[in-house]
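Heads up: the sequence lines are chains P and F, in that order.
The working numbering puts the last residue of the first sequence at 438; the count rises by one with no breaks.
The working numbering puts the last residue of the second sequence at 1007; the count rises by one with no breaks.
Because the hints were derived from the structure by calculation, they are not lab data.
Just so you know, these numbers come straight off a predicted model, no measurement behind them.
Not one of these hints is a red herring.
Using 25 Å as the maximum straight-line C-alpha spacing, the simulated DMTMM-like pairs for lysine to aspartate or glutamate come out as follows:
1) F:Lys-946 - P:Glu-329
2) P:Lys-103 - F:Asp-763
3) P:Lys-129 - P:Asp-203
4) F:Lys-920 - P:Glu-348
5) F:Lys-946 - P:Glu-427
6) F:Lys-946 - P:Glu-350
7) F:Lys-922 - P:Asp-418
8) F:Lys-920 - P:Glu-350
9) F:Lys-922 - P:Asp-341
10) F:Lys-869 - P:Glu-427
11) F:Lys-811 - P:Asp-418
12) F:Lys-869 - P:Glu-396
13) F:Lys-920 - P:Asp-418
14) F:Lys-920 - P:Asp-341
15) F:Lys-946 - P:Asp-341
16) F:Lys-920 - P:Glu-427
17) F:Lys-869 - P:Asp-418
18) P:Lys-250 - P:Glu-238
19) P:Lys-103 - F:Asp-831
20) F:Lys-761 - F:Asp-831
21) F:Lys-946 - P:Asp-344
22) P:Lys-352 - F:Asp-943
23) F:Lys-920 - P:Asp-399
24) P:Lys-94 - P:Glu-378
If you want the building blocks of each chain, they are given just below.
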Amino acid sequence: MNRLKPTHNFQKDISNCGLTGFISKAGKLVEGSVIIKSISLMHDRGNGLGGGFAAYGIYPDYKEFFAFHLMYENGMALQLTEEYLEQNFHIEQEEDIPTRRIAAIANPPVFKRYFAKPLETAEYREAVEFKKMTLEDVVVHHVMRINNEIEGAFVVSSGKNMGAFKGVGYPEEIAEFFRLDEYKGYIWTAHNRFPTNTPGWWGGAHPFTLLDWSIVHNGEISSYGINKRYLEMYGYLCTMLTDTEVVAYMLDLLIRKHGLTPELASLALASPFWDMIDTLPEEEQKLLTAIRQVYGCALLNGPFAILFASNEGLIGLNDRVKLRPLVCAEKDDFVYMASEEAAIREICSTPDRVWTPRGGEPVITKLNPGVV
Amino acid sequence: MKIDAQGLYYRDLNEKIRAAVSAGADRIELVNVNGQYFIGDGINRPVTITIKGVPGNDLGAFLNGATIVVQDNGQDNIGNTMNAGKVIVHGHAGDVLGYGMRGGKVHILKDVGYRVGIHMKSYNENKPVLIAGGKAGDFFGEYMAGGVLVLLGMFSDNPDKPKHGFRFGTGMHGGVIYVRGEVDETKLSREVGIFELSKDDQAELQEYLKDYCRDFKLDVKEVMNEKFVKILPKSKRPYGNMYCPMPR
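Sequences are here, hints too, so could you generate the full structure?
Structure below.
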């Protein structure tokens, strides 16, 4: 019997999700080993039920094509999805996502990637000419259909020149599984998951993505129900069984569809409290009142620290009362954001500046013009 | 005694520290620390632990008589439920600093994060003192029940940042906060008011600041050369009538 006793008496589970990310504003390509080192330092913030990465600038040879990362839970899902893709897309290149079989990863699903462009089918022309949909709208529509209609198939990412890699395991294990040391990118984010209210499954690991948006999140979006219903009105379908998914779709709606700047979108997600709005100059009061009125359903309630990346740059945002940690640092053209300063110092020992943003104050970093 | 923490898992590092303390070490120097949690937790001997690098969260939790000197920045939850002893940080510190502290001292040279001194308390001679030399985030002294918080606003890497954040003293119902210079009244919670320092207050504050300045080799005269204000709770039971109003 004694043999079955655990080696440690874990009186307290110290996990609480960890995230880290960085951007080279000049577009310098950085090896995956750097982000792995940073997230591994926060190993104990997760519990082995989810790890993931988003990387930008990794597919320069196919940067004109949407890079679809697909996860298949069964052979039928693969077959149906490939038929669906062939009907609707010109596929320039398709391949297995290279993986390494390691002991830590049990029962992984199958991962494939496709570099593709929508075909000019009758349906496509109908969408563009009569429904006034854009190319991106069409891609979003297909992503939603695959996720929602094909049992066991999930689009892990669908942006250009970027990709998400995620699964059940610690992030350093997921990195080894996906051979991330072999990729180079100018923006990297990573997540170490400690699932609280929702299952720890492969699709539920972070990042959550749509087109080139990717989100990693530490916290709980208690407004999930309101956010989800609001997004459904615009055709977004939540299929990943967890709260963070709504953030990816909300940013797509607010920034890409409604044309809000990242600053304004951040103010919609983490709006100032009414009593603080009251103290501001009249013009700002008007703006923030309008945002709260129009985008009340986009407000994220509950504690969060999130990093969202796109081909434009990297943004960090906290909830309004800062119930989750977020530290930022700068060194030359690099900006780092993480749950713990040590995760930054592990890969940048002497930053020029280290600071903690205010709750609700977005830290917005953009790639220099001409990089992408 | 020197311990190289390079790449050491937090549990292994803390075992080494505890072993050194048990063996009677007076001074322990930790080098190459980066992110290890729980350093110095619950140590109840008057040992001095010097840290080079950034220690992880919950530094000096339940500390009971030891001194910890951090020569770089600190992270979140420093001095959690600390009982006695001292933590000195030569950089900035994160959120939830001194949570539920009931004794001892925390001296931070630069900025501090959100919810500093949350639920500090005191009882008779056990009176915690937390001094931040830089600027503070929101909810400074949240639910404070006792002890002393001091905010100087002098030593910061962020010149544009306001001295303190919103919701200052939310739920405060005991203890005292001293602030060097003015406070922004629009950011104070309804539970607190601004008062002048008495002669006794001045003398008490000066003792705290002398000790603080010794730790960082600062000139106490310079620190004291501006007026301080005192923030006190207006009520000892701010939420006494929140759920069940009682007859007066």
